[in-house]
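Enquirer: Read off the chains here:
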Amino acid sequence: MTSTTDRPSTDQPRSLRDRTANSIQRERKDRLVKAALLATVAFALIPLAFILSATAYQGLGAFGWEFLTQPPPANPNEEGGGYGPMVFGTIYMVGLAVLMSVPLGVAAAVFLVEYKESKLVAPIRFFTDVMTGVPSIFVGLFVFSALVIDADLFFGTLPGAVSLAVLMLPIVVRSSEEVLRLVPDDLRNAAYGLGARRRQVVTRVVLPAAGPGLITSAMLAGGRGGGGRRAGRRRRAAASRGTRMRRAGPACGEFRVRRGCGGRLRGRRTSVWRGCARS
Amino acid sequence: MFRAFVAGCGLLVLVILAWMIIATTRDALPVFEKEGIVGFFLGTEWAPGNARDGTITGEYGALEFLAGTIYVSIMAMIIAVPMAIGIALYLTELAPRRLRKPLTYMVDLLAAVPSVVYGLVGAKILAGVMLPLWNAINDNLAFLPFLGGTVRVNNLSLGALVLAIMVLPIISAVTREVFAQVPIDERHAAFGLGATRWEVMRHVVIHRSRAGIVGGSMLGLGRALGETIAVLLVLGANSRLLFEPFNTSQTVAAQIAAAFKEASPEYIRALVALGVALFVLTLIVNVLSRLVVNRFGNITGDASI
Chain A
142 MTSTTDRPST DQPRSLRDRT ANSIQRERKD RLVKAALLAT VAFALIPLAF
192 ILSATAYQGL GAFGWEFLTQ PPPANPNEEG GGYGPMVFGT IYMVGLAVLM
242 SVPLGVAAAV FLVEYKESKL VAPIRFFTDV MTGVPSIFVG LFVFSALVID
292 ADLFFGTLPG AVSLAVLMLP IVVRSSEEVL RLVPDDLRNA AYGLGARRRQ
342 VVTRVVLPAA GPGLITSAML AGGRGGGGRR AGRRRRAAAS RGTRMRRAGP
392 ACGEFRVRRG CGGRLRGRRT SVWRGCARS
Chain B
92 MFRAFVAGCG LLVLVILAWM IIATTRDALP VFEKEGIVGF FLGTEWAPGN
142 ARDGTITGEY GALEFLAGTI YVSIMAMIIA VPMAIGIALY LTELAPRRLR
192 KPLTYMVDLL AAVPSVVYGL VGAKILAGVM LPLWNAINDN LAFLPFLGGT
242 VRVNNLSLGA LVLAIMVLPI ISAVTREVFA QVPIDERHAA FGLGATRWEV
292 MRHVVIHRSR AGIVGGSMLG LGRALGETIA VLLVLGANSR LLFEPFNTSQ
342 TVAAQIAAAF KEASPEYIRA LVALGVALFV LTLIVNVLSR LVVNRFGNIT
392 GDASI
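Residue numbers (this note's numbering), protein chains in the order written: chain A, 142 to 420; chain B, 92 to 396.
This is chain B alone, in the form it adopts within the complex (with noise of 0.2 Å):
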């Protein structure tokens, strides 16, 4: 009896996983009926019609906003990675014992910020004093390709920027967890063989680590992937394919955050259709990077979460 109870409330997760897939997939079926699978991840044109009867009228490529999304996270992780790693260097190997808890605590409570204060610091402060930066960048490097166009305050770089600091935490916990890991008679051989500390750490810490690493950043680039709030408020929703990285753009979430609240009936179906979209990218981020994560036995703590 207790048995049955524990285990079906530990199955309760797999079967919400599983009802969350189809729930959502069968509310978006007509959507990806009309366009194709193919047509609604690599079509471009996103005109919602007003249809209340469960027809579909309107056209619905979601490629913009895919697009949008997968750069945006990209250019986040460009930032977030190297300073991941280079935190979780600094915490396991160089930090003075007594420093060492002290700063990571503080590491790790940069993700125990609500999205929403990353949002409204980015969109009303952050993005004020970067302007001057991203004007710097734009004109002095205007020969580069997407770079020389407009820019604006709310831009992907901005957003990129925000996102990079929101992750950066997940990424440096399941980094530091991985270095950790390393014996410690490997460090002590190749200080023995006179390796300086940096030599050590290239080595042999992030040399065994390589894995690590990269299923800790892929599972960074699943939240990356899935984060609404902040990034509707700082990315300025503009959803034309372009590439510019000081323009502003629009991922799948904001959009679905924006537009929710004012759609039709029709428009909602292509919304959860979008919702599935998402889904799907940070479920294959997410299984990958778990499976890698999980080579390095059983993750503790706050990398957990």
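Isolated chain A, as found in the complex (with noise of 0.2 Å):
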């Protein structure tokens, strides 16, 4: 605070109607900083509505049934057609990746909630944590050095569903943990005074319980994966190549959207997927 103390100089009591400098100075700031901070608020939505009605507008046109389920034409100056194969193969990849990361993650947060006095949850919870933060490109160049060089299982859907299911295990913990935790306690300890045991506790009462909220998160880390696209464009760029392509599945759509083929179709997709990864 730096303060311009100017006390009026006579003794006599000081009405609170008379304001002195630094007091109006003071509000003045106030005022000036509360607007910054609402403009700065404002400044940050913008590119929020930008993209929404950048892509809504660039789209729209582009986006309907046609576009969702036919193949792309053969010649790329053609009207019409779709990417068909790209929305089956990313639904298809997503798919296969959500299988992959659901049941082992709901079943790490059930570790995580249910045996809080294991010496292993901190840790676990920690590098978890972590784990999240991990850029997706590694992820990519691990399941290519782990899956596609080690075990030999070449380019392909496989690869991609696992990488996208690393990517998306940390996410299903976390939020899989939060909602077992929405689980009241009564109804474990009410349970556990029936005689359960943890096993019974968990896969029929707080499993139960807990699996509107567990199928919401497994939609939120299905969304993830399917905006975050990078390590599962590493197996679909050799795949395309055509030198190895024994197990070499469908075209992945946000990989096409990467390579940006038909400018005016790609911001459609990604709506998709947003709605999905918000529904």
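Among the hints, erroneous ones may be present.
Unchecked claim - Within a straight-line C-alpha distance of at most 20 Å, the following computed DMTMM-like cross-link-like pairs (lysine to aspartate or glutamate) qualify:
{"hint": "1", "chain 1": "A", "residue 1": "LYS175", "chain 2": "B", "residue 2": "GLU184"}
{"hint": "2", "chain 1": "A", "residue 1": "LYS257", "chain 2": "A", "residue 2": "ASP326"}
{"hint": "3", "chain 1": "A", "residue 1": "LYS257", "chain 2": "A", "residue 2": "ASP327"}
{"hint": "4", "chain 1": "A", "residue 1": "LYS170", "chain 2": "B", "residue 2": "GLU290"}
{"hint": "5", "chain 1": "A", "residue 1": "LYS170", "chain 2": "A", "residue 2": "ASP159"}
{"hint": "6", "chain 1": "A", "residue 1": "LYS175", "chain 2": "B", "residue 2": "GLU290"}
{"hint": "7", "chain 1": "A", "residue 1": "LYS170", "chain 2": "B", "residue 2": "GLU136"}
{"hint": "8", "chain 1": "A", "residue 1": "LYS257", "chain 2": "A", "residue 2": "GLU319"}
{"hint": "9", "chain 1": "B", "residue 1": "LYS215", "chain 2": "B", "residue 2": "ASP199"}
{"hint": "10", "chain 1": "B", "residue 1": "LYS125", "chain 2": "B", "residue 2": "GLU136"}
Hints were generated in silico from the structure; no laboratory data involved.
Put the two chains together into one complex, using the hints given.
Expert: Structure (structure tokens):
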């Protein structure tokens, strides 16, 4: 506080209506800062509005049933066609990744919530948090060296799905943990009181009670997998080269978005995923 | 039985993390052996070879990419951190109760936009919008170091701006959580002493949350360091050791993405080595930031993701 103290020199009691220069200055500063903070929020929301309107404006015309189901035309200059195979590939790969990561992630979350007394809980939670920050491109490289080189799997849908699953796993663990934590302890205690074992409490009481929330968290993770196409792209990249395509699967939508074929279509695809991620 | 099963699933996270480090480091080992750790991190010669038999014939010095990564990330932080603090302050201290929820939701929605979209919007639309501003800054401040050179459409500043928007929701979410934990009594005490809103924010809320702000910013820094696709699209892919903010540049992650498709077996090893370097960098930043943030208890909600 920069205090420019200029108190009235007279000894008379000062009316509260008489405002010193200092208090006026402080109030002015306060108002200025409030306005600046409001401007900051508005400024941060500009990109959001900008992106939503730009994608809708550029992509809406091309978006439709044909776009979702038809393959792209053989001749890129032709009218019509869509990104059907890529839409299918995205859904297929994300579906596989969800199947891999959600059961494991929920089980890990059960461990974190129901076995609080274990010494392993703290390190596991910590490294799960750390793992959410691992760059997705590094996950792609890891799956490339672990599965494609070591396990001789070649490029294709499976390594792509595995890398998505690795990316999703920590997110599933953390969001499922939040959900399981919301299950009231009274329910657990009631079940324990009836003589249930921990396994029975978890499978018969906690998981059913948390069911809807767990589905939401799985969908959240799925949406992230669909958008986080970086790791999947690693697989696709060489698959499209056609050199060793033993198990080359369907093309992934996000990858095509990245390649930028058909500029006006791209935005809409991602909006689909955004809808999914937030539903 | 059951306990062992769920504990095993929990441990899987640790196993995967360890496996990541081992598998990639082993693949990249020939490159590290040839260049040495110091040579790899501080060398500036990047001349990939084409050997197919596992030997390393090229020169691999990653300083250009590492410098580009750190430079653009720090610039992004300079833009994002003050904005995130401002947003968090507004949302926790000033926003009318009815607006608080929707505004919070909208800021968090920025995190749900896939990074390709940021890259495309940044490269195709924002680049053109910002170019006059870059030119104006460059012409008027040409006496400053690193300014006055060529201005490119896709440049470091644009990359930093896009990155800043991308990490904004993470930083502001953590900062918000930390601000919300400042005891209401302390705020009331300050108000009782006649402090204005801003004085309460500055001397009570921010003062008490310094560590949390640092932690949240580092979390955002970790994200910025590893961001790939948006950076690849807006940064202009040019790996020279220039520090001109309006010239093109290249980051580690973007270089891996750009070169992987056409890479020879030897070059792939070098790219994996780049990935290891990036991973170590982000791991250090992430571990430190989590250590700081976890002191504030269990951060919940979107902030944890």
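Enquirer: Please go over all the hints and tell whether each is borne out by the structure.
Expert: Structure-based check of each hint:
1. A:LYS175 - B:GLU184: With Cα atoms ~10 Å apart, LYS175 (chain A) and GLU184 (chain B) stay inside 20 Å; holds.
2. A:LYS257 - A:ASP326: 13 Å, holds
3. A:LYS257 - A:ASP327: 17 Å, holds
4. A:LYS170 - B:GLU290: 9 Å, holds
5. A:LYS170 - A:ASP159: Between LYS170 (chain A) and ASP159 (chain A) the Cα gap is close to 19 Å, so the pair holds against 20 Å.
6. A:LYS175 - B:GLU290: 11 Å, holds
7. A:LYS170 - B:GLU136: 53 Å, violated
8. A:LYS257 - A:GLU319: With a Cα-Cα distance of about 14 Å, the restraint between LYS257 (chain A) and GLU319 (chain A) holds, given a limit of 20 Å.
9. B:LYS215 - B:ASP199: Violated, at roughly 24 Å.
10. B:LYS125 - B:GLU136: Between LYS125 (chain B) and GLU136 (chain B) the Cα gap is close to 13 Å, so the pair holds against 20 Å.
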